[in-house]
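K.L.:
Could you put the whole structure together from the sequences, leaning on the hints where they help?
Protein chains in written order, with our numbering: chain A, 1 to 420; chain B, 1 to 420; chain C, 1 to 420; chain D, 1 to 420.
Think of the hints as simulated: they come from the structure by calculation, not from any bench. Here the structure is a predicted model, which means the values were calculated and not measured. Among these hints, one or two may not hold up.
Identical copies carry no separate label here, and so any pair may be met within one copy or between two of them.
Cut-off 25 Å, straight-line C-alpha distance, at most; resulting in silico cross-link-like pairs (DSS-like, lysine-lysine) [what the hints assert, rightly or not]:
no.	residue 1	residue 2
1	191	286
2	228	153
3	228	96
4	248	258
5	153	286
6	186	153
7	349	186
8	258	221
9	315	96
10	349	191
11	228	191
12	191	153
13	103	153
14	96	221
15	186	228
16	258	228
17	221	61
There are 4 protein chains.
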Amino acid sequence: MDTQYFERMESEVRTYSRSFPIVFDRACGAHLWTTDGTQYIDFLAGAGTLNYGHNNPVLKKALMDYIERDGIVHGLDFWTHGKQDFYQTLEELILKPRGLDYKIQLPGPTGTNAVEAAIRLARRITGRSNILTFTNGFHGVTMGALATTGNAKFRDALGVPAIGAQFMPYDGYLGEGVDTLDYVEKALDDKSSGLDRPAAAIVELVQGEGGINAASIEWIKRLAEICKQRDILLIVDDIQAGCGRTGKFFSFEHAGIKPDMVTNSKSLSGYGLPFAMLMMRRDLDKWTPGQYNGTFRGHTLAMVTAAEALRHYWKDDTFEQDVQRKGEVIRERFEMLAGLLSDVGHPAKERGRGMMRGIDVGSGELADEITHGAFQRGLIIETSGQAGEVVKCLCPLTITDDELEQGLTILERSIRSLIE
Amino acid sequence: MDTQYFERMESEVRTYSRSFPIVFDRACGAHLWTTDGTQYIDFLAGAGTLNYGHNNPVLKKALMDYIERDGIVHGLDFWTHGKQDFYQTLEELILKPRGLDYKIQLPGPTGTNAVEAAIRLARRITGRSNILTFTNGFHGVTMGALATTGNAKFRDALGVPAIGAQFMPYDGYLGEGVDTLDYVEKALDDKSSGLDRPAAAIVELVQGEGGINAASIEWIKRLAEICKQRDILLIVDDIQAGCGRTGKFFSFEHAGIKPDMVTNSKSLSGYGLPFAMLMMRRDLDKWTPGQYNGTFRGHTLAMVTAAEALRHYWKDDTFEQDVQRKGEVIRERFEMLAGLLSDVGHPAKERGRGMMRGIDVGSGELADEITHGAFQRGLIIETSGQAGEVVKCLCPLTITDDELEQGLTILERSIRSLIE
Amino acid sequence: MDTQYFERMESEVRTYSRSFPIVFDRACGAHLWTTDGTQYIDFLAGAGTLNYGHNNPVLKKALMDYIERDGIVHGLDFWTHGKQDFYQTLEELILKPRGLDYKIQLPGPTGTNAVEAAIRLARRITGRSNILTFTNGFHGVTMGALATTGNAKFRDALGVPAIGAQFMPYDGYLGEGVDTLDYVEKALDDKSSGLDRPAAAIVELVQGEGGINAASIEWIKRLAEICKQRDILLIVDDIQAGCGRTGKFFSFEHAGIKPDMVTNSKSLSGYGLPFAMLMMRRDLDKWTPGQYNGTFRGHTLAMVTAAEALRHYWKDDTFEQDVQRKGEVIRERFEMLAGLLSDVGHPAKERGRGMMRGIDVGSGELADEITHGAFQRGLIIETSGQAGEVVKCLCPLTITDDELEQGLTILERSIRSLIE
Amino acid sequence: MDTQYFERMESEVRTYSRSFPIVFDRACGAHLWTTDGTQYIDFLAGAGTLNYGHNNPVLKKALMDYIERDGIVHGLDFWTHGKQDFYQTLEELILKPRGLDYKIQLPGPTGTNAVEAAIRLARRITGRSNILTFTNGFHGVTMGALATTGNAKFRDALGVPAIGAQFMPYDGYLGEGVDTLDYVEKALDDKSSGLDRPAAAIVELVQGEGGINAASIEWIKRLAEICKQRDILLIVDDIQAGCGRTGKFFSFEHAGIKPDMVTNSKSLSGYGLPFAMLMMRRDLDKWTPGQYNGTFRGHTLAMVTAAEALRHYWKDDTFEQDVQRKGEVIRERFEMLAGLLSDVGHPAKERGRGMMRGIDVGSGELADEITHGAFQRGLIIETSGQAGEVVKCLCPLTITDDELEQGLTILERSIRSLIE
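P.N.:
In C-alpha cells:
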C-alpha cells in the first residue's frame with residue numbers, strides 16, 4: 001500500500017489516516033477491508049454516520065435500482081419523486097407516530113449546513129442574534145456553526161472571532177451537586193450578566209465529540225422549560241445522536257420533549273451519503289424564498305437510501321428494542337473495563353446512552369494507547385473528549401451479537417495488555 | 001403530480017420549485033422527465049453541476065461497479081483506494097500537464113466548505129484576517145464564505161454582520177474606461193483607505209450567480225500581479241467556472257496565471273454527487289492535523305465518478321476543443337438574440353466565456369418572462385445577476401449539437417413571442 | 001426652574017435628571033444647591049468621581065492659579081510642565097511606596113478609553129483576541145469596552161454583537177459554597193469549553209454598577225494566580241474603586257497583588273474633571289507611536305488637580321485611615337438598616353468595602369422607593385445592581401462625621417417610613 | 001528640560017512629543033512657551049481644538065468666575081444651570097438662525113463618544129447595522145467609531161476586526177472625471193454588491209486627518225440626496241471642521257444641507273476642555289433612558305466656556321467673515337508655496353476650505369522636513385494624510401494678521417531652505 005503518495009499529495013490537515021495509516025478498499029456491515037485484504041471490525045462507523053453498517057444490502061439494492069433507472073441524482077431543490085418518497089416516509093413512520101408537526105428544510109448535505117440554517121432562522125424569528133450553546137458542544141466548523149462549537153483547535157484556526165454565540169456549562173460541568181441550569185437561569189434573568197438574550201439554545205442531548213456526555217433526563221426537561229418560559233427557541237442537534245443511536249430515533253424522545261427545531265445528518269441517508277435536514281415547528285417556517293441555498297441540497301441518492309432505511313428499520317419498534325438491548329451489553333462491558341482500569345490506579349468511568357457509549361479513562365495518552373492496541377488487533381475505534389480521554393464506541397447499530405462480542409473482546413485485550 | 005404535499009411539508013425557503021412547479025423523476029444527458037413523462041431540455045444543469053450531463057452513462061457504469069463490489073462509500077478522511085485513484089488521475093491528467101504543483105484538501109462535500117477552508121488557511125499563513133472580495137461575487141452561504149458573497153438576501157438573513165472580508169469593484173463595475181484595479185491598488189497602498197491589508201483575494205474569473213460576468217484577461221493578470229507584489233494570496237474560486245465550463249479545465253488557464261489556491265466543486269464529481277476540493281500551492285500547506293473537519297469529506301462515490309470523468313474527458317484536448325466550438329455557437333446566437341431585443345427598445349448584451357453564457361436583458365421581469373416562456377415550451381433555463389436580469393445558459397458541455405439547437409430555438413421563440 | 005426647556009432640548013437618553021428632576025447650580029464638599037438655593041447632601045458624588053468632594057478648596061486654588069497664569073490647558077500629548085508634575089507626584093507618593101513599576105498612558109479623558117487601550121495592548125502583547133470578563137462587570141460603553149460590560153441595556157443598543165470578550169461568573173455568582181474560579185480554571189484548561197484562550201482578564205475588585213459586589217481577598221488572589229500560571233494578563237479596572245474609595249489608594253492593595261495593568265479615571269483628577277489613565281507593567285509597553293490617540297489626552301487642568309490631590313491626601317496614611325474608619329461607620333449603619341428590612345420581610349444585606357457600600361434590598365422597586373424618599377428629605381443617593389436593587393453610598397471620602405451622620409439619618413428615615 | 005523623565009515614565013504610544021521634544025508650560029492665543037521661556041507660534045492649535053486660541057481671555061474670565069463661585073463642575077447628566085445656559089445659547093445663536101431643529105445629547109466629553117452614540121442611534125432607528133463611511137475618514141479610535149475610521153495603524157492595533165461599517169471612495173478618490181457617488185449609488189441599488197444597506201452614512205465634509213480633503217459642494221449635495229432617497233441617515237462629523245473652521249459655524253452650511261445628525265467636539269468648549277455633542281433631528285431621538293452613558297457627560301466647565309464662545313463670536317457674522325478673509329490669505333500663500341515646490345520637481349497642491357488648509361507636497365518625508373524646519377524656526381505645524389504628505393494649517397481662527405504672516409513666513413522659509 002503506497003501511503004507515501006497520500007503524504008505527498010494530501011494536505012497536512014488529514015487526521016484519521018494518522019491513527020490508521022493504511023489504505024482501505026471495501027466495507028460491509030461492521031467490517032472494513034484494506035487493499036491487501038486485511039479485515040477490521042469497525043467501532044467508529046463513520047463517526048456515527050453508519051448506524052446501519054457499511055454498504056447495507058437493503059439500502060444498496062434501492063440505491064442501485066434508482067441509479068440504474070436514471071432517477072434524478074442531482075436535483076438542486078427541484079421537487080422530485082425521490083424527495084417526495086423521503087418526505088412521506090419520514091412523515092408516516094417517524095413524525096406522525098411521535099406527534100411531531102415539523103416542516104422540512106434540506107439546507108445542503110452536511111450537518112454544519114443544517115446548524116447554520118437553524119441559527120439563522122432562530123435569529124430571523126426572534127430578532128435576536130445570540131445563540132446559547134454549551135461547553136464541549138460540537139455543531140460543525142463552518143463559521144456560523146463554529147461559533148457554537150467549543151473546540152479550540154477549530155476556533156483558533158478561524159482567524160477572526162467566532163461571533164453570535166455564548167457558552168454555558170453543560171450538565172455535570174460544574175461537578176456533582178451543582179445544577180448548571182441554576183447558573184443558566186440566573187444569567188438569563190440577570191440584566192447585567194453579559195449573557196445576551198438568546199434567540200435559541202442549541203444542544204446535543206448526548207455530546208459525541210465532547211466526550212459521550214449524556215445530559216440527564218431532568219436536565220433536558222428543565223432546559224426545555226427554561227427556554228419555553230423565556231421565548232427562547234430550543235434547537236436539538238441530533239446529527240450524531242439521532243437515527244436510533246441512543247435507542248430511540250431521536251435522542252430527545254427519552255425526555256419526552258418536542259424541540260422547536262431539530263438538525264439531522266450523519267446516519268440520515270443510512271448509506272453514508274452526504275445528507276442533512278433541518279426540521280422546524282410548522283409555525284416557525286419564516287424563511288422567504290431562497291434565503292438559504294446550496295448546490296447539493298437536492299442530493300437525491302441520499303433521499304432514496306434514507307427512505308429505504310426508514311421503511312426497513314423504523315416501521316415498528318423491533319430495531320429500537322434491539323439497539324437498547326445491545327446498548328446494555330456495551331454498557332455492562334464498559335463498566336467492567338472502567339472497573340479494571342480504576343482498580344490499577346487509572347480512575348475510569350463508563351458514560352453514554354443507548355449504543356453511544358464511552359469509557360473516560362482520564363487521559364488522552366492512555367486512551368490513545370488503548371485504541372492503538374485495539375487497531376493492532378483488528379479493531380477500528382477512536383477517542384473523543386476535550387483531551388481525547390474517552391474511548392468511544394459508535395459501532396453500527398446493526399452489528400451482530402457475535403461481531404459486537406469480538407470487538408469488545410479486542411478492546412478488553414488491548415486494555416488488559418496495558419495494565420497487566 | 002401532488003405538489004400540495006410539497007407545499008405543506010417543505011420550508012418556504014424553497015426556490016427552483018417556484019419557477020418549475022412540477023415533479024421530476026428521471027434524467028439523462030441534457031434531458032429531464034417529470035413523473036408523468038413530460039420531457040424537458042436542461043439549460044440549467046444543476047446550476048453548473050452537470051457539465052457531463054445527467055447520469056452520464058460512462059460515469060454511471062463506474063459508479064455502479066464500485067457500489068456493486070462494496071467499495072468504501074463513507075470513508076471519513078481515511079486513505080482509500082478510491083481516493084488514491086482520484087488523486088493520481090487528477091495529478092496525471094490535470095495538474096502535471098498544466099505545471100501545477102498543488103496539494104489537495106477535501107474539506108467536506110460542498111463548495112462553501114472549500115471556501116471556508118481556503119479563507120482560514122490564508123489567514124493562518126499570513127497572520128492577517130481580511131479577505132478581499134468583489135462586487136457580485138458568490139462564494140457560498142455558510143457564514144465564513146458568506147462574508148465574501150455579495151448577495152443581500154443571504155447577508156441579511158445572517159442576523160449578525162458577516163465579518164472578515166471587504167468588497168472591491170469587479171472588472172467593469174465602474175463602467176467603461178475605468179480599470180477597477182486602479183482603485184484596488186490605490187486602496188491597498190493607502191494607509192488610511194479603510195481597506196485592511198488582506199490575507200487573500202478571492203475571485204471568480206467568470207461570475208456565475210453575479211450575472212455571467214467574465215473578467216478580461218488583462219484584468220485577471222493584473223489582479224494576480226497586484227496580489228503577488230503585496231504578498232496577498234490569490235484564491236480562484238472555480239466552483240462554477242471550473243471543470244471545463246469556460247473552455248479550459250480551469251478558468252484561469254485563459255490568463256496563464258497560477259493561483260495560490262483553487263476551490264472546486266459542482267461538476268467535480270461529474271455525476272452531480274456532493275464533492276468539493278481545495279488545492280493549495282505545496283508550500284502553503286500550513287494546516288496542522290484536524291484543524292478543519294467534516295463528516296462527509298470522504299464521500300468516495302464522488303471520487304470514483306470524478307476520476308472516471310477525468311479519464312474519459314480530459315486525457316487529451318478533444319473535449320476542450322468541442323466546448324470552445326459550442327461556446328461560439330451559443331455566443332453567436334446570444335448576440336443575435338441580444339440584437340433582437342435591443343432593436344425593440346430592450347437594450348441587451350451577450351456575455352460570458354466558453355459555455356458559460358448569458359444575455360443581460362436589462363430587467364429581472366423581462367428575464368423572468370423569457371425563462372417562463374421557455375419553460376412552457378420545454379426548456380429549463382434560469383436567470384442570474386443582482387436583479388435576475390441575465391438569462392443564463394449552463395447546459396451540459398456534452399450536449400449534442402441537435403439538442404443545443406433545439407434549446408436555443410426554444411429560447412429564441414420565447415423571446416420572439418414577447419417582442420413580436 | 002424651567003425643566004420643560006430641558007425636556008424639549010435634551011435627548012430622551014438622559015437618566016439622572018429623571019430621578020432628580022431639578023436644576024442644580026452650585027456645589028461644595030458633600031453639598032449641592034439648586035438654582036433656588038435648596039441644599040442637598042450628596043451620597044452619589046459623581047458616581048464615584050468626587051472622592052474629595054465637590055469643588056474641593058485645596059484643588060480649587062491650584063486650578064485657579066494654573067488657569068490664571070495661562071498654564072497649558074489643552075496639550076494634545078505634548079510634554080508639559082503640568083504633566084511632568086503629575087507623573088512625578090504619582091511616582092513618588094503612590095507607585096514607589098507600593099513597589100509598583102508602571103509606565104503611564106493617558107489615552108483620553110474617559111475611563112472607557114483606558115479600558116479600550118488596555119484591551120488592545122493585551123491583544124498586541126499576547127497575539128490573542130479574547131478578553132475574560134465577569135458577570136455584572138461594568139467597564140464602559142464604547143464598543144470595545146462594552147464587550148466586557150454585562151449590562152443588557154447598553155449591549156442591546158449596540159446594534160451589532162459586541163465582540164472580543166467572554167463572561168465568567170464573578171465571585172459569589174453561583175451561590176454559597178461554589179468557588180466560581182473552579183469553573184474558570186476548568187474552562188481555561190479544557191480544550192473544548194468554548195472559552196477561547198484569553199489575552200487578559202479584566203476585573204473590578206469591587207463591582208460598582210454591578211451592585212457593590214466585593215470579591216473576597218482569596219478569590220482575588222486566586223484569580224491573579226490563575227492568570228499568572230497561564231500567561232494571561234490581569235487588568236484591574238480601578239476606575240470606580242480606586243483613588244481611596246475602598247480604604248486603600250488602589251483596590252488591589254487589600255489582596256497584595258500587582259496587576260499587569262490598571263485603569264483609573266473618575267476621581268483621578270480629584271475635581272471631577274475628565275481624566276483617565278492606563279498604567280502597565282514596564283515590560284508590557286509594546287505600543288508603537290500613535291497606535292492609540294484622542295484629542296483630549298492632554299487635558300492638563302485635570303493633571304494639575306490630580307497632582308494636588310495626591311500631595312494633599314496621599315503623602316501619608318492619615319487619609320486612608322480616616323476612610324477606613326468612616327467605612328466602618330457606614331457598614332455598621334447599613335447592617336442595622338438591612339436588619340430592619342429583613343425583620344419586616346424584605347431580606348436585605350449590607351455589602352462592599354471601605355466607603356464603597358450598599359444595601360441589597362432585594363428589589364429595584366423597593367430601592368427606588370428608598371432613594372426617592374431620601375431625595376424628598378434632602379439626600380441624593382442612587383441604586384445599582386442588575387435590577388437596581390442595591391442602595392449604594394458613594395459619598396465623598398472627605399465628608400465630615402456630622403454630614404455623614406445627617407445623610408445616614410435621612411436614609412434611615414426613608415427606610416423606616418416605608419416599613420413602619 | 002528633563003525629557004528623559006518623560007521617556008522613562010510615559011508609554012511608547014506618545015506621538016506629538018516625538019515631533020516637538022520639548023516641554024511646554026504656558027500658552028496664550030496663537031503662542032506657546034516652553035518651560036525655559038522659548039516662544040512658538042501655533043499652527044496646530046490642538047489639532048483643531050483651539051479655534052479661539054489658547055486660554056482665550058474672554059472665555060478665561062467666564063471660566064474663572066464660574067469656578068470661583070463654586071458652580072457645579074461635575075454634573076453627571078443632572079440638569080444644571082450651566083447646561084441650560086449652553087443649550088439656550090446654542091439654540092438662539094446657532095440652531096434657530098440656521099433653521100435647525102435638533103435635540104442634543106452630551107454623550108461623554110470626547111468626539112469618539114459622539115460618533116459611537118450617533119452610530120448606535122442610527123442602527124436603532126433603522127434596524128440596520130451597517131454604516132457607510134469613506135476612504136481617509138477619521139471618526140475616532142474607540143472600537144465602534146474605529147470601524148468608520150480608515151487608518152491602518154489604529155485598525156491593526158484593534159486585534160479583532162472592526163465591524164459594522166463599510167468604506168466607499170470619498171470625493172476625488174478615483175481621480176479626475178470619476179464621480180465616486182456613481183459607484184456608491186450603483187452599489188447601494190445593486191442587490192449583490194456586497195454593500196449592506198446602511199443605517200447611515202458618516203462623513204467629514206473636509207477630511208482633517210485624511211489630508212485636508214474638501215469634498216466639492218456638488219458631491220455633498222448629491223450624497224445628501226442619495227441618502228434621503230434611500231432612507232439612509234446622514235451623519236456629518238463636524239468634530240474638526242465645525243465651530244467656524246471652514247468659514248461657517250458648521251461645515252455643511254456651505255452646501256445648504258441639513259444633516260440628520262451632527263457630531264461636534266474639539267473646539268466646541270472653546271477653551272480646549274473635553275466636550276462633545278451629538279445633535280439629532282427632533283424626530284430621530286429614539287433613545288430610551290440611559291442607553292448611552294459615561295461619567296463625564298456633564299463636564300460643566302466646558303459648557304460655560306462653550307456658551308461664552310458662542311456669545312462672543314457668533315452673535316453676528318463678523319467673525320465668520322474674518323475667518324473667510326484669513327482663509328483666503330492662507331489659500332493664496334499655500335498656492336504660491338505649492339507652485340514653488342512644483343517648479344523644482346516636487347508636484348504640490350493647495351487644498352482645503354476656510355482656515356482648514358493644507359499643501360499636499362507628495363511625500364511624507366518632504367512634509368516632515370518642512371515641518372521640522374518650521375519648528376526649528378519657531379513654528380508648530382503638523383502633517384496629515386495617509387502618508388503624512390500634507391502640511392496642514394489649523395492655526396487659531398482668532399490669530400492676528402501679523403501673527404498669521406509671521407507663521408506663514410516661517411513656513412515659506414522652511415520650504416525655501418529645502419529647495420534652494
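K.L.:
Cα distance capped at 25 Å. Does residue 186 pair with residue 153 within a copy, between copies, both, or neither?
P.N.:
Result: close only across copies, 17 Å inter versus 30 Å intra.
K.L.:
Could you place residue 186 and residue 228 in one of the four classes (within, between, both, neither) given a Cα distance threshold of 25 Å?
P.N.:
Answer is within: at 15 Å inside a copy they meet the 25 Å cutoff, but 30 Å across does not.
K.L.:
If the cut is 25 Å between Cα atoms, do residue 103 and residue 153 qualify within a copy, between copies, both or neither?
P.N.:
Between copies only: 22 Å across chains, 35 Å inside a chain, cut-off 25 Å.
K.L.:
Regarding residue 191 and residue 286, is the shortest C-alpha distance of 25 Å or less found within a copy, between copies, in both, or in neither?
P.N.:
So residue 191 and residue 286 pass the 25 Å test across copies only (21 Å; inside, 29 Å).
K.L.:
Reference check for the pair residue 258 and residue 228, CA-CA at most 25 Å: within, between, both, or neither?
P.N.:
within (11 Å within a copy, 46 Å between copies)
K.L.:
Could you place residue 153 and residue 286 in one of the four classes (within, between, both, neither) given a Cα distance threshold of 25 Å?
P.N.:
between (34 Å within a copy, 14 Å between copies)
K.L.:
For the identical chains here, do residue 349 and residue 191 meet the 25 Å Cα criterion within one copy, between copies, both, or neither?
P.N.:
between (39 Å within a copy, 20 Å between copies)
K.L.:
Given a CA cutoff of 25 Å, do residue 96 and residue 221 count as a within-copy pair, a between-copy pair, both, or neither?
P.N.:
within (22 Å within a copy, 58 Å between copies)
K.L.:
As a check of your reading, is residue 228 near residue 96 (CA-CA no more than 25 Å) within one copy, between copies, both or neither?
P.N.:
Within one copy, since 23 Å is at most 25 Å while 53 Å is not.
K.L.:
Quick one: residue 221 to residue 61, C-alpha cut-off 25 Å, is that within a copy, between copies, both, or neither?
P.N.:
neither (41 Å within a copy, 51 Å between copies)
K.L.:
When Cα atoms must be at most 25 Å apart, do residue 191 and residue 153 count as within-copy, between-copy, both, or neither?
P.N.:
Answer is between; shortest inter-copy Cα gap is 8 Å, intra-copy 32 Å.
K.L.:
As a check of your reading, is residue 248 near residue 258 (CA-CA no more than 25 Å) within one copy, between copies, both or neither?
P.N.:
within (14 Å within a copy, 52 Å between copies)
Hint compliance for this structure: hint 17 is the single one not met.
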